[in-house]
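Position chain B relative to chain A; hints supplied.
Quick mapping for you: the protein sequence lines, in order, are chains A and B.
Take 18 as the starting number for the first sequence in the numbering used here and just add one per residue.
Take 8 as the starting number for the second sequence in the numbering used here and just add one per residue.
Hints were generated in silico from the structure; no laboratory data involved.
Glycine included, each C-beta is placed from N, C-alpha and C at the ideal position.
Careful: at least some of the hints might be erroneous.
Said to hold, decoys possible - In silico lysine-lysine, DSSO-like type, Cα no more than 27 Å apart, as pairs: (1) Lys43(B) - Lys66(A); (2) Lys47(B) - Lys66(A); (3) Lys66(A) - Lys86(A); (4) Lys66(A) - Lys45(B); (5) Lys26(B) - Lys43(B); (6) Lys75(A) - Lys48(B); (7) Lys45(B) - Lys29(B); (8) Lys48(B) - Lys66(A).
Stated by the list, open to error - Estimated spans, in silico, between C-beta atoms of each pair: (9) Met22(B) - Leu73(A): 49 to 55 Å; (10) Ser107(B) - Lys86(A): 14 to 20 Å; (11) Ile129(A) - Asn24(B): 40 to 46 Å; (12) Gly21(B) - Gln62(A): 30 to 36 Å.
Stated by the list, open to error - To spell it out: a stretch of chain B is covered by chain A in this simulated footprint if at least three of its residues, at any positions, have a beta carbon under 8 Å from a beta carbon of chain A; those stretches are: (13) 45 to 57; (14) 104 to 110; (15) 113 to 119.
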Amino acid sequence: AQSVTQLDSQVPVFEEAPVELRCNYSSSVSVYLFWYVQYPNQGLQLLLKYLSGSTLVKGINGFEAEFNKSQTSFHLRKPSVHISDTAEYFCAVSDPDGNQFYFGTGTSLTVIP
Amino acid sequence: DTEVTQTPKHLVMGMTNKKSLKCEQHMGHRAMYWYKQKAKKPPELMFVYSYEKLSINESVPSRFSPECPNSSLLNLHLHALQPEDSALYLCASSQVVSRSYEQYFGPGTRLTVT
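Bound conformation, chain A alone (with noise of 0.2 Å):
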């Protein structure tokens, strides 16, 4: 079974800093990893996602992630944060067959104004 850990459970940053949410995978076959995001009394919404090609993911609200096989990690940067980014943030894999995913426990990010 795959398995996705989010070592960090609370991320405090300041306001206009940079972050980094560290996310790393058990696998041994082929991986399609995905950040979301979960504000607050809110669903789930996805930030970037990795299939293929190119390591390093573009995706919404200024975020990215860098996919390194080697380290097996999928770690979430953003290089200025806002207030409006407090959020739980949820690294997944995806099952071979696509049936779910396997979700981290979460890194509850806290941006200080």
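Just chain B now, with coordinates in the frame of chain A:
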């Protein structure tokens, strides 16, 4: 239109009640999903429908009964729930069941069982 809608937004029910959650999408997606999410936890998959047929049931208790009347609509019928069933119930859809396609999530129904 890339929206998945869910009704109601909030639901409070007693342990003897029967209620239903509704989910709708008009993106032409042929895969629909129910997830349960407890506070500060990731979503847990409950059911997957592919082309209106139930394809995955993740060992969910029978007090939860899904239904897919057509390709746009997904229901979750609730009966004799327990307080530990209180959670956010999320519906999602994707073009088809495939690892290539992301899932689009609705805003959820926050269920409280008293």
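Going through the hints against the structure:
Restraint check: the Cα-Cα separation between Lys43(B) and Lys66(A) comes to about 23 Å, which is no more than 27 Å; the hinted pair holds. Note on Lys47(B) and Lys66(A): the hinted pairing holds, with a Cα-Cα distance of about 23 Å set against a maximum of 27 Å. Using a Cα cut-off of 27 Å, the hinted pair Lys66(A) and Lys86(A) holds, with the two alpha carbons roughly 15 Å apart. Our distance criterion of 27 Å between C-alpha atoms is met by Lys66(A) and Lys45(B), whose separation comes to about 25 Å.
Note on Lys26(B) and Lys43(B): the hinted pairing holds, with a Cα-Cα distance of about 16 Å set against a maximum of 27 Å. For a cut-off of 27 Å, the pair hint linking Lys75(A) to Lys48(B) stands: about 26 Å separates their Cα positions. A C-alpha spacing of about 19 Å is found between Lys45(B) and Lys29(B), which places the hinted pair at or below 27 Å, so the restraint holds. Using a Cα cut-off of 27 Å, the hinted pair Lys48(B) and Lys66(A) holds, with the two alpha carbons roughly 21 Å apart.
For the pair Met22(B) and Leu73(A), the supplied restraint of 49 to 55 Å holds, since their beta-carbon distance comes to about 51 Å. One distance hint, 14 to 20 Å for the beta-carbon pair Ser107(B) and Lys86(A), holds here, with the actual separation near 18 Å. Taken as a hint, the range 40 to 46 Å holds for the pair Ile129(A) and Asn24(B), whose Cβ atoms sit roughly 43 Å apart. A beta carbon spacing of about 33 Å between Gly21(B) and Gln62(A) agrees with the range 30 to 36 Å that was offered as a hint.
Using a Cβ-Cβ cut-off of 8 Å, 6 residues of the region 45 to 57 of chain B lie near chain A, which meets the minimum of three, so the contact claim holds. Evaluation of the coverage hint for the region 104 to 110 of chain B: fulfilled, as 7 residues show C-beta separations to chain A shorter than 8 Å, against a requirement of three. Judged by the Cβ-Cβ criterion of 8 Å, the region 113 to 119 of chain B is covered by chain A as claimed, because 4 of its residues qualify and three suffice.
Going through the hint list in order, the structure satisfies each hint without exception.
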